[in-house]
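Chains L and Z, in that order, give the protein sequences.
Under the numbering used here, think of the first position of the first sequence as 1, with each following residue one higher.
Under the numbering used here, think of the first position of the second sequence as 1, with each following residue one higher.
Hints listed in this document are in silico derivations from the structure and should not be mistaken for laboratory results.
Misleading hints may appear alongside valid ones.
Distance condition first, Cα-Cα at most 25 Å in a straight line; then the derived DSS-like pairs of lysine-lysine [what the hints assert, rightly or not]:
id	chain 1	residue 1	chain 2	residue 2
1	L	Lys-57	Z	Lys-58
2	Z	Lys-69	Z	Lys-114
3	L	Lys-57	Z	Lys-49
4	Z	Lys-58	Z	Lys-102
5	Z	Lys-114	Z	Lys-22
6	Z	Lys-114	Z	Lys-102
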Amino acid sequence: DSGVTQTPKHLITATGQRVTLRCSPRSGDLSVYWYQQSLDQGLQFLIQYYNGEERAKGNILERFSAQQFPDLHSELNLSSLELGDSALYFCASSVGDRVTEAFFGQGTRLTVV
Amino acid sequence: AQSVAQPEDQVNVAEGNPLTVKCTYSVSGNPYLFWYVQYPNRGLQFLLKYITGDNLVKGSYGFEAEFNKSQTSFHLKKPSALVSDSALYFCAVRGRRAAGNKLTFGGGTRVLVKP
């Protein structure tokens with residue numbers, strides 16, 4: 001158990017809908033990361049927050065947004081969902097915001113039908 | 001831009017034999033390099049990292065990796081593979097000038113250790 005908690009574990013929703021994925025980092029970790037894992041794109045970095053502020057941004061679609069709250073948990077909001085958004089979404093956390101290993105949650109499997 | 005190549009989709013090895021998973025990278029300047037492992041229906045688990053110093057890095061579960069700057073490689077090795085090492089292995093890189101801790105992952109290599 002990495003100490004990173006993601007909810008829900010599975011999510012099935014229809015195209016055009018909006019969903020929110022939630023992540024609680026390990027105790028003491030200030031950085032939260034979001035990754036998308038799909039068969040065709042592999043593991044893609046979406047975004048990093050450090051102590052509430054956006055620190056690094058990857059190939060995150062405009063339909064997607066994230067935030068980190070004062071209690072350090074994070075949410076990833078996915079809107080206007082498309083079939084191609086079906087993927088495993090991982091949250092990870094780390095103590096610092098630079099060169100440090102990240103600890104991954106078990107992921108949320110999103111299926112868009 | 002930073003990128004990682006894992007040239008083998010799958011590596012098959014007999015239990016007890018040496019295991020090598022290949023990784024090459026491209027990044028501006030010196031790299032930070034990582035290996036992660038993913039078991040079925042689980043998140044990624046950190047194995048080891050190279051930041052600076054000794055080119056041979058030792059990590060969890062008996063794994064090690066060797067940083068080779070001239071060949072831009074960071075191959076993962078284990079002297080004697082176990083059936084329980086069967087999993088998906090990811091190499092990742094971050095350039096030293098990159099913002100935050102944005103890691104770029106390779107496509108992954110599936111390792112199958114046969115008894």
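Each hint tested on the structure:
| no. | hint | result |
| --- | --- | --- |
| 1 | L/Lys-57 <-> Z/Lys-58 | 30 Å, violated |
| 2 | Z/Lys-69 <-> Z/Lys-114 | 32 Å, violated |
| 3 | L/Lys-57 <-> Z/Lys-49 | 22 Å, holds |
| 4 | Z/Lys-58 <-> Z/Lys-102 | 23 Å, holds |
| 5 | Z/Lys-114 <-> Z/Lys-22 | 19 Å, holds |
| 6 | Z/Lys-114 <-> Z/Lys-102 | 35 Å, violated |
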